[in-house]
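Protein chains: 2
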Amino acid sequence: MSRSNKKTKRLWETRNLRVLVDMDCVLADFEGSLLKKWKERYPNEPHIALEERRGFYVTKQYGDIREDLKSKIIEVLSSEGFFRELPPIEGAIDAIKEISSMEGVEVFICTAPLKEYQHCAVEKYEWIEKYFGRDWLARVILTRDKTVISADLLIDDRTDITGAEKNPSWRQVVFTACHNKHTPSNLLPKHSVRLESWLDSDTWKQIIEDAKKKL
Amino acid sequence: MSRSNKKTKRLWETRNLRVLVDMDCVLADFEGSLLKKWKERYPNEPHIALEERRGFYVTKQYGDIREDLKSKIIEVLSSEGFFRELPPIEGAIDAIKEISSMEGVEVFICTAPLKEYQHCAVEKYEWIEKYFGRDWLARVILTRDKTVISADLLIDDRTDITGAEKNPSWRQVVFTACHNKHTPSNLLPKHSVRLESWLDSDTWKQIIEDAKKKL
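Respectively, the protein sequence lines represent chains Y and U.
Just so you know, we're using the working numbering here: the first sequence kicks off at 2 and counts up by one.
Just so you know, we're using the working numbering here: the second sequence kicks off at 2 and counts up by one.
Every clue listed holds true.
Straight-line C-alpha distance at most 27 Å; calculated DSS-like pairs for lysine-lysine:
id, chain 1, residue 1, chain 2, residue 2
1, U, 71, Y, 131
2, U, 206, U, 98
3, Y, 167, U, 213
4, U, 191, U, 215
5, U, 98, U, 131
6, Y, 167, U, 167
7, Y, 131, U, 116
8, Y, 116, U, 116
9, U, 167, Y, 213
10, U, 61, U, 182
11, Y, 73, U, 131
12, Y, 61, Y, 37
13, U, 167, Y, 206
14, Y, 98, U, 116
15, Y, 116, U, 131
16, Y, 131, U, 73
Label-pair ranges, simulated between beta-carbon atoms:
id, chain 1, residue 1, chain 2, residue 2, range
17, Y, 66, U, 85, 33 to 39 Å
18, U, 204, Y, 16, 32 to 38 Å
19, U, 37, Y, 66, 49 to 55 Å
20, U, 76, Y, 195, 45 to 51 Å
21, Y, 51, U, 47, 58 to 64 Å
22, U, 116, Y, 72, 34 to 40 Å
23, U, 163, Y, 15, 14 to 20 Å
24, U, 42, Y, 132, 33 to 39 Å
25, U, 132, Y, 44, 40 to 46 Å
26, U, 182, Y, 69, 52 to 58 Å
If you are wondering where the hints come from, they were derived from the structure by calculation, not from laboratory data.
We treat Cβ as the ideally placed atom computed from N, Cα and C, and that holds for glycine.
Next up, chain Y with everything else stripped away, as it sits in the complex:
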């Protein structure tokens, strides 16, 4: 095979690296904002400091303190404006814009709405439009099952993602959040890697480049 043929073949075979990015605790500061609003709404109730958070479901951890706290925390989460007003996580917006501008990389925002969808769903779209612009609306996927989304990488803080697809196509990048920072690496999903912060651009660039090489 001649050189030019080889090159043609390589170009033909090249496909984009597809990266799914979660919203809550990855792009938007869900936990910090929830704690702040919880203390404002229920100043006389106990609160869980971020350093004390364990397990993905904050609703469960409050419910374990006292049963009625679970419905109270859901009330705060599902109230109008909660998702719209989430501040971005430091460095997230710039990092995602940079990743999506990398050659051969495509980004989708992949997020699970609350079962209490009344405000959550629309506010997630508003949030993406506000911080990324209207064009990015086409890259939003709202799904409670992320295993059926076909991609190469999923950047997500949840460490026990399951769903209908037993062998998801993506490799997980575990984004560090208050609730998973104590999880030892042997309890993280198989073949996953950790990303501590968007400010650590050396690490996320390396993860993207490594994944591109494996295409």
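Dock chain U against the given chain Y, drawing on the hints supplied.
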């Protein structure tokens, strides 16, 4: 290999058939309802009878009549209540419930929200909750790109679905709608099959069974 081993192997390998089902024009009577509301809202403007509808985008066909009709039809589509009030297509709800109860079959509702997402997104969840119940909310996927959803079948009325994934994993079942009923079979997506109506249960049962055999 002994018989028992063979059987174990077969059980081990069995996976569910995953079926994606679109909403507008497949579960919900988008076109009929739009025409009705259009005539109520703009009785003095021209309308396009369902028999005259051609092409996926009703907004385009109205815009081709007169440019300002496009924004007027978008106004009707994106107004509060439009999606919530869509009547189900005849036989759709029962058929989908029956498909999802078939052994080895799992169903997801896969629907693209309008760019004008303000009412559309939440009302799609309301609609599913109303007709299928709260448990089905977990099976809803809102995405403008259906090619990245991994499945065996996609039941959808749109005949030119494209997206980031050049080789979607699903085979399309083209659900007949006013805008595609005149499309000749050689212009339908490769390897697709047509389903004319949910009332034709022989056909959809056969499609599901054939797809199960190919797993």
